[in-house]
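The primary structure of each chain is shown beneath.
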Amino acid sequence: MNPVEFLGNIIEVSHSNLEIPARINAILNIISHKMDFNEVIVFTSDKDKRLTCKYKNQKSILFNILNKYRCHIGEGVIGSVAQKRMPQYFNDKDVPLRFGCLFYSEVDNQMAKYKIFAFIPLLDDSYMYGVLVLCSRNRHVLTDAEKILLSIVSREIGGVLRTNDLLLSSKKRISELATLSELGKVLTSNLELQVLLKDIAIIIARALNALFITIKIDNTLFAVGPRKYTYGDVYPQIEHYVNDLEQKAVEGKKTVSLVNHLHDENDISIKHTLHSTPIISKNKVLGTITICERTPQRDYMFEQNEGYLINNFASYITNGLENTLLNIKLKDVVRELNSAQKRIIEQEKFKCLGEMTANIAHEIRNPLVVIGGFAKRLAKKLNMDQIESKYVDIITNEVSRLESILSDVLNYVKDAPVPFESCYINDCIDEVLYLFTTDTAWNNTQILKDYDNNLPPVVCDIQQIKQVLINIIINANEAMDGGGTITIKTETTEEANGRQYVIVSIADSGGGIDPFDINNIFNPFFTTKERGVGLGLAISNKIILNHGGKIELENVVGKGAKFFIYLPVKTIKNGEVFI
Amino acid sequence: MNDVKILVVDDEENIRFLFKEELEEEGYSVEIAANGHEAIKKAKMTKYDVIVMDIKMPGMDGIQALNEIKNFNKEQMVILCSAYGEFKQDFTSWISDAYVVKSADTSELKQTIKNMLSARY
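Top line first, the protein sequences correspond to chains A and B. Position one of the first sequence corresponds to residue 1 (my numbering), numbered consecutively onward. Position one of the second sequence corresponds to residue 1 (my numbering), numbered consecutively onward.
One chain only, chain B, in its complex shape (with noise of 0.2 Å):
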C-alpha cells in the first residue's frame, strides 16, 4: 500500500500532524501542505492518488486551489475536508470528488479514501 500518494493540505498544523499520523497508519503514504498555492506546487510535482483539501486558508483558499488543480489534471481526485458543511450547497465545490466534514473521528475521511482508490482500481 505504500505506493498509494496522498496529499493533505491544511492551514492548520496540528490537523495536518493528526490527518498525516492517522492516514500513515492506514498504510498510505502522506505529504502535507499548508495553503492552496503550496498544494498546487507539489501537485504539479508529484502525481498523488488523493488530495484532502481544506476550504478555509488564508492566501488561495481550497476551492480555488481545487479548481486550478482540476485545470491542468482533471483526472487527480480531491476530497473536500472542511468544517464547513454549506460549502457542499456551493455549485463551485461540486467538481470535486467528494466532501468530507472535519471530524476528530476520522473514520468517515478514511472510509471515503478507502472507496475512490477502490473505485480507481
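For reference, chain A alone in the conformation it holds in the complex (with noise of 0.2 Å):
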C-alpha cells in the first residue's frame, strides 16, 4: 500500500460533494479495502454523552450487533478511548472482553474470529466526535507507521463529523430563521384572532415537524375571552397530559415538557413527547403554546431541542400577538363608539322629526275642531233633509277619523314617558344633598347619615323621587328656622301584604307639625309658610303613590316630624318591572 496514494484517496472523498453520512462509509471502505479490516466501524459522540454505533464499512457483520446498545463515555474500551482521548491497540490474547456496554454477548462469539483490534478517539482541535474502531482476521501486527496513518485519516474523519455538526446545526438554523421571518410577516399583518392563532400554529407545525400543535390565548385584559387553536389531531388518550401541561407552563411561567419513559406499550403517551410553553408579556402569561412530536428512536442529537425551540418562538410571537390582542380591542371599542354615536344621530333626527310632526298636529287640531264643531251646529241649526244630512254626517265624520288619526301621530311622536330606572335610594340621596352644599340657609344645619348599606336598588323615575326628597328636606330645614339636625335613613321592610319595601325616613329637629294641620298637610295649596304655594308635599305624595308606595308621618310636637317615603323593591327584567 502506498501511504501517499491511501491518504490522496482518503482526502479526496472527504473533500468530495457527497453527503457526509456517504463521504464518511466511503471513507471506511476505502481504510478496509487498503488496510485489510474487515470491520471499520465509527461510533459517534451524542449530544447526552453516550456513543452511538453510526457509520461502517461495507462489510461489516460486527455493526448489525454494536448499533443495538448504546454505550456511556468511559465505559467499556470504546467508552474509555472516547474519555482519555488516547487510541488504544490489542491483538486477540490481550484484547478486553468488554468493547463497549456490557450486553455484548453475540460480540464475544465473535471475538476469537479477529487477530488485532484498534480504537482511535475521532478528535478535532479540542472535540471529541467519537471513535474509530478496526478489526481484521488477516493480520496479526500493525507497524507504527501504520497506526501515524490511521491517527491521521481518524482527524480527517473527525473533521467530516465537525462538517456535519455544523452543517446541520445552520441547517437547523436557517430553517428557525425562516420559521420566525413567517412568524413576523404574519404577526404583522392585520389578520384576525382566530386566523392568525391558526397561522402561527401552522408555521410553528411544519418548523418543528409536530404531531399536533395547540395554541391558547386566555387574557381578561383584552377582553378576548378564551381562544384556542389546535393544528393537527390530539389523541384523546393524552389530552388530559395537554391540559396538565399547559397548567404546569403557565404555573411555573417556563417551559415544561413531557418524555414519557414507562414502557408500557399500550400507553400512547409514550410514543409521544410533549412541550408546553408560556406566552409571557411583561411578566403576564397570555397564553400558551403546546407541541407535540413522536417521541424519537434512534437520533440523539436533537432530543432536547424542540424545547428550546419553542420556547424561541413564544417569546418571539410575545408582542406582536400583543398588539394584535391591543389592536382588536380597540378595533372593538371604536365600532362601539361608531354605533353608538349612529344611534345618537338616529335618535336626534327621530326627535326633530317628532317635534316638528307634534306641531303641524297641533296646528291642525285646533282648525279640525272648529270644522267639525260647527258642522254639527249646522246640523243642528238647519231643518235639512235626508240627503243634506247625510252631507253633513259625512264632514263630521271625517273630522272625528282626522281627530284619531292625530292623536295616534301624537302618541306615537311625543316623548316617551320617563322609563323607570333601577336606582340606589342612598345615591340618589346623597346627590340630593350635595346641592344644599353650597346654600348659606343650610350652614346651621347638621345633617347625619345612617345608609343601610346593603339596600336592594328601587325602580323608580329618578327626577321624580329627587324631586320628592328636595320638598321634604328643605320642608325640614325650613322647620328648624335656622339651625338643627335632619337624621336621614334608609333600611328595607316587608310589609303585611308580604312586599318588600325601601324606607327612607327624613326626620328633623324642628319641634314637630301642629297638630291641628296634620290632616292638611298631603292636601294642595294648604301651607303654614309665609311664601309657599302649598303644592310640595301634594306633589310629593302623588309621586310616591304613583310609584306604588307612601308617605307616613310620625309627628312628635316640641320636638320634631319624621316623614318615612316608603319605595316598593321591584326589578327589572328585559325591560319590564316585576315586583
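One thing to keep in mind: the hints can contain errors.
If you only want the chain B side, here are some residues facing chain A, beta carbon under 7 Å, derived [claimed, not checked]:
#1 E13
#2 N35
#3 A83
#4 K102
#5 S107
No wet-lab data here; the hints were simulated from the structure. From the three backbone atoms N, C-alpha and C, an ideal C-beta is built for every residue, glycine too.
Both chains are sitting in their own frames, so use the hints and assemble them into the complex.
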C-alpha cells in the first residue's frame, strides 16, 4: 500500500460533494480495502454523552450487533478511548472482553475470529466526535507507520463529522430564521385573532414537524375570552396530559416537557413527547403554545432541542400577539363608538321629526275642532232633508277620523314617558344633599346619615324621586328655622302584604307640626309658610303613590317631624318591571 | 240653569265661539277670555262655576293661569282643555279638576262639566 496514494484517496473523498454519511462510509471502505480491516466502524458522540454506532464499512458484520446498544463515555474499551482521547491497540490475546456496554455477548462469540483491534478517538482540535473501531482477521501486527496513518485518517474523519455538525446546526438555524421571518410576516399583518392563531400554529407545526400544536390565548386584560387553535389531531388519550402540561407551564411561567419513559407499550403517551411553553408579556401570561412530536427512537442529537425552539418562538410572537390583541380591542371600541354615534344621530333625527310632527298636528287640530264643531251645529240648526244631513254626517265623521289619526300620530311621536330605572336610593339622597352644600341657608344644619349599605335597588323615575326628597328635606330645614339636625336613614322592611319596601326616613328637630294642621299637610295649597304655594307635599305624595309607595308621618310636638317614604322593591327584566 | 257661569279661555276665536254656542245651548251663561292674563282678571272679578282653560296660549299659558287662579281661589273648578293630550303626564297640571282633550265632539266636555256641577251640589 502506498501511504501517499491512500491518504490522497481519503482526502479526495472527504473533500468531495458527497452527502456527509456517504463520505464517511466511503472513507471507511477505503480503509477496509487498503489496510485489510474486516471491520471499520465509527461510533459518534451524542449530545447526551453517549456513543452510538453509526457508520460502517460495507462488509462489516459487527455493526449490526454493536448498533443495538449505546455506551456511556468511560464504559468499556470504546468508552474509555473516548474519555481518555488516546488510541488503544490490542491483539487477540490481550483484547478486553468488554467492547462497550455490558451486553455484548454476541460480540464475545465473534471475538475469536479477529487477530488485531484498533480503537482510535476521532478528535478535532478540542472536541471529541467519536471513536473509530477497526478489527482484522488476517493481519497480526500493526506497524507504527500504520498507526500514524490511522491517526491522520481519524483526524480527517473527525473533520468530516465536525462539518456534519456545523451543517446540521446551520440548516436548523436557517429553518428557524425562516420560521421566525414567516411568523414576523403573519404577526405584522392585520389578521383576525382566530386566523392569526391558525397561521402561527401551522408555521410552528411545520417548522418543528409536530404531530399537533395547540395555541391557547386566555387573558381578561384584552377582554377576548379564551381562544384556542389546534393544528393536527389531539389523541383523546393524551388530551389530559396536554391540559396538565399547559397548566404547569402557566403556573411555572416556563417551558415544561413531558417525555414518558414508561415501558408499557399500550400507553400511547410513550410514543409522544409534549412541550408546553407560556407566552409571557410583561410578566403576564397571555396563553400557551403546546406541541406534540413523536418521541425520537434513533436520533439522539436533537432530543432536547424542540423545547428550546418552541420557547424561542413563544418569546418571538409575544409582542406581535399583544399588539394584535390590543388592535382587536381597539377595533371593538371603535366599532362600539361608531354604533353609539349612529344611534345618537338616529335618535336626534327622530326627536326633530317628532317635534315637527307634533307641532304640525297641533296646528291642524284647532281648525279641525272648529270645522267639525260647526258642521254639527249646522246640522242641528238647519232643517235639512235626508241627503243634506248625510253630507254633514260625512263631514263630521271625516273630522273625527282625522282627529283620531292626529291622536295616534301624537301618541307615537310624543316624548316617551320617562322610563323607570333601577336606582340605589342612598346615591340618590347623596346627590340631592350635594345641592345644598353651597346654600347659606344650610350653614347651621347638621345632616346625619344612617344608611343601610345593602339596600336592594328600587325601580323609579329618578328625577321625580329626587323632587320628593328635595321637597321634604327643604321643608325639614325650614321647620328648624336656622339650625338643627336632620337625620336621614335608609332601611328595608317587609309589609304585611308580603311586599318588600325600601324606607327613607327624614327626621328634623324643628319642634314638630301643629296637630291641628296634621290632616291637611298633603292637601294641595295648604301651607304654613309665608311664601309658599302649598304644592310641595301634595305633589310628593302623588309621585310616591304613583310609584306604588306611600308617605307616612311621625310627629312629636316639641321635638320634630319624621317623614317615612316607602318605595316598593321591584326588578327590571328585559325592560319590564317586576314586583 | 242660567245661574251657572262658565268662563271659556282660548286664544282661537273660532274655538271660543264654538264652545260658547255649544255650552250656552246647554243652558249655561258663558263668558270668554283670549289668554291667561284676561282669564285671571275675569276670575278675580266674577265668580265662575267652571273655567274651561286651553293650555297653549301666547303670553301666559293655561297651566300658569291655572296655578295663579288656584292660588287666590283654591275652590275654583278648572277644566284643562287642550289639543295636547300629553300634559296629563305633567304633574303641574294635576291640580286642575279635570282634563279634556279638545275635540269637535264636545260631548265629553259637556259631560265633565255636568259631573262637576252635580258633585258640587
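Taking the hints in turn, this is what the structure says about them:
no., hint, result
1, E13, "violated, 9 Å"
2, N35, "violated, 15 Å"
3, A83, "holds, 4 Å"
4, K102, "holds, 5 Å"
5, S107, "violated, 10 Å"
The earlier numbered hints that this structure contradicts are 1, 2, 5.
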